[in-house]
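Heads up: the protein sequence lines correspond to chains A and B, in order. 131 is the number of the first residue of the first sequence in the numbering used here; add one for each residue after it. 39 is the number of the first residue of the second sequence in the numbering used here; add one for each residue after it.
Since the hints were derived computationally from the structure, they do not count as laboratory data. Treat the hints loosely; a few may be bogus.
[Said to hold, decoys possible] As a list, the in silico DSS-like pairs of lysine-lysine whose alpha-carbon atoms are at most 27 Å apart:
id: 1; chain 1: B; residue 1: 134; chain 2: A; residue 2: 179
id: 2; chain 1: B; residue 1: 134; chain 2: A; residue 2: 188
id: 3; chain 1: A; residue 1: 179; chain 2: B; residue 2: 95
id: 4; chain 1: A; residue 1: 172; chain 2: B; residue 2: 109
id: 5; chain 1: A; residue 1: 179; chain 2: B; residue 2: 109
id: 6; chain 1: B; residue 1: 95; chain 2: A; residue 2: 172
id: 7; chain 1: A; residue 1: 199; chain 2: B; residue 2: 52
id: 8; chain 1: B; residue 1: 134; chain 2: A; residue 2: 241
Small disclaimer: the values here were computed from a predicted structure and weren't measured.
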Amino acid sequence: AQSVTQLDSHVSVSEGTPVLLRCNYSSSYSPSLFWYVQHPNKGLQLLLKYTSAATLVKGINGFEAEFKKSETSFHLTKPSAHMSDAAEYFCVRMDSNYQLIWGAGTKLIIKP
Amino acid sequence: NAGVTQTPKFRVLKTGQSMTLLCAQDMNHEYMYWYRQDPGMGLRLIHYSVGEGTTAKGEVPDGYNVSRLKKQNFLLGLESAAPSQTSVYFCASSAKTATQPQHFGDGTRLSIL
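Assemble the whole structure, with the sequences as input and the hints as a guide.
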């Protein structure tokens with residue numbers, strides 16, 4: 131079955147340190163992949179998307195993600211965390227019917 | 039820029055009551071979706087629509103109905119609310135291509151007592 135696995139339910143980092151949110155997907159082909167962010171009591175905002183162009187994708191707010199087919203991974207990174215990055219992050223893939231398959235989410239906690 | 043607008047934002051219902059959630063988008067998108075979000079889980083697709091007058095079932099359609107009478111509106115109905123339908127509901131829309139992202143509303147928090 132096609133799925134998305136976010137390896138950590140919570141990640142805690144200090145402000146100014148790097149962020150790594152891990153995501154693995156299962157697919158028999160190279161899918162379209164997305165990262166969305168959800169701030170508390172808000173809707174979902176697209177951070178970035180991968181659609182089989184460059185494997186390193188840059189998004190908004192300094193985030194980027196690298197598509198690694200050999201590892202079936204699409205991890206999200208940011209060099210230096212900011213307090214405003216505290217939110218829940220969702221890794222999402224598009225299936226063959228153009229529907230979205232969602233990971234369970236990773237809560238990012240930023241320590242001052 | 040309105041984008042995707044959901045009404046109401048909050049609602050409390052008693053078991054067995056009915057209600058309709060409204061989603062409106064002003065981006066001329068073909069595709070619209072209704073999801074529910076529950077703690078510890080990603081979003082789950084309830085129903086979706088690929089165009090005016092068409093709807094289809096998603097992953098968790100039972101207990102819900104939808105209608106897409108106008109391109110800009112997508113209605114989600116609960117005919118007889120149950121406590122298991124307590125959730126946050128999100129509407130989304132997207133253009134008619136495989137690679138375009140979905141745009142989300144701010145959600146409706148629904149509690150069924």
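Evaluated hints:
no. : hint               : in the structure
1   : 134(B) with 179(A) : holds (16 Å)
2   : 134(B) with 188(A) : holds (24 Å)
3   : 179(A) with 95(B)  : holds (25 Å)
4   : 172(A) with 109(B) : holds (25 Å)
5   : 179(A) with 109(B) : holds (26 Å)
6   : 95(B) with 172(A)  : holds (26 Å)
7   : 199(A) with 52(B)  : violated (49 Å)
8   : 134(B) with 241(A) : violated (41 Å)
Of the numbered hints given earlier, the model fails hints 7 and 8; all others are met.
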